[in-house]
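J.: Sequence:
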Amino acid sequence: MPCPSGATRLFAVIGDPVAQVMAPELMNPLFLDRGCDAVLTAVEVKPEHLSIVLAGLKQIANLDGILVTVPHKFAVCSQIDAASEAVTLAGSANALRREPDGSWRGDNFDGAGFVRGLQGAGHDPSGKVVSLVGAGGAGVSVAAALMIAGARRLHVTDLSAERAGRLVDRLSKKWPGRISLAAAPDSRSDIVVNATPLGLVETDPLPFDPALLSATAVVADIIMKPAETRLLKAAAEIGLPTHPGIHMLTNQVELYREFFRIP
125 MPCPSGATRL
135 FAVIGDPVAQ
145 VMAPELMNPL
155 FLDRGCDAVL
165 TAVEVKPEHL
175 SIVLAGLKQI
185 ANLDGILVTV
195 PHKFAVCSQI
205 DAASEAVTLA
215 GSANALRREP
225 DGSWRGDNFD
235 GAGFVRGLQG
245 AGHDPSGKVV
255 SLVGAGGAGV
265 SVAAALMIAG
275 ARRLHVTDLS
285 AERAGRLVDR
295 LSKKWPGRIS
305 LAAAPDSRSD
315 IVVNATPLGL
325 VETDPLPFDP
335 ALLSATAVVA
345 DIIMKPAETR
355 LLKAAAEIGL
365 PTHPGIHMLT
375 NQVELYREFF
385 RIP
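Per this note's numbering, residue 125 is the first one in the sequence shown, and the count goes up by one each step.
Everything labelled a hint here was simulated from the structure, so no lab data went into it.
Cβ coordinates follow ideal geometry from the N, Cα and C atoms, glycine included.
Please note that the accuracy of each hint is not assured.
[Stated by the list, open to error] Calculated cross-link-like contacts (lysine-lysine; reagent style DSS-like; alpha-carbon spacing at most 27 Å): (1) K297 to K170; (2) K252 to K298; (3) K182 to K252; (4) K357 to K252; (5) K182 to K170.
[Claimed, not checked] Ranges of calculated distance between the beta carbons of each label pair, as one might list FRET restraints: (6) S227 to P329: 31 to 37 Å; (7) T212 to L305: 20 to 26 Å; (8) K297 to T132: 42 to 48 Å; (9) D248 to S311: 32 to 38 Å; (10) A185 to P329: 44 to 50 Å; (11) S284 to D157: 39 to 45 Å; (12) T340 to S296: 25 to 31 Å; (13) E286 to I184: 33 to 39 Å; (14) G180 to G301: 27 to 33 Å; (15) E326 to G246: 35 to 41 Å; (16) A245 to R381: 48 to 54 Å; (17) E352 to V177: 39 to 45 Å.
Model the full structure from these sequences, guided by the hints.
T.: This is the structure in structure tokens:
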């Protein structure tokens, strides 16, 4: 990769932690391939410092965009000037873009990338019953995208019933009668998605027991590192089809390219 210069445009991905972030590995080769003098770097930001760091980043004149990962996807929504439909539906954002007038626009591509990945692997959620475990910053986006893609029913589970309830209430306004709060994934689900951080560490407990699902249920995870989480291993061991998290990110690259106006 060419050495950055004074003309290099900057992009940052902010989160806590950031060791697992794979966006630089995908976006920097894209910049190079498109002849774009730009670089994306990971910035670890504690929640209590988010507003200070974000305010500072937005003042860097040659910084054109910010990607957002856990746990900041909800909090950054208060820091943007204009929001996409995906942000409005989900209440979270994972990409911020500086506009020509200096304002900042927010969007969320987690859900769209996840659904594109499912469809590409032959697991189209259209007409299917889906259970989603996790109503955090990525989970809310995945939930909205699943409904946009035509899921027949969506069951939402989260350790925080209040957080899951907020998501169900928000999406039910657009899709009444098709989304419900659940204590656990529905055993009759066609697709069951882990959208929690459980699995980032090998010793994490399983977010749900795949043995309680139907024999044809697709078990999907949004975690990218490790590539095969404990959940996916457990599901595969009993013969269930699995879908790893890396597809959610790789299918977002083209969306990021368009959003950030990369040639």
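J.: Run the structure past the numbered hints and jot down the numbers of the failing ones, going up.
T.: 1, 3, 6, 9, 14, 15, 16, 17
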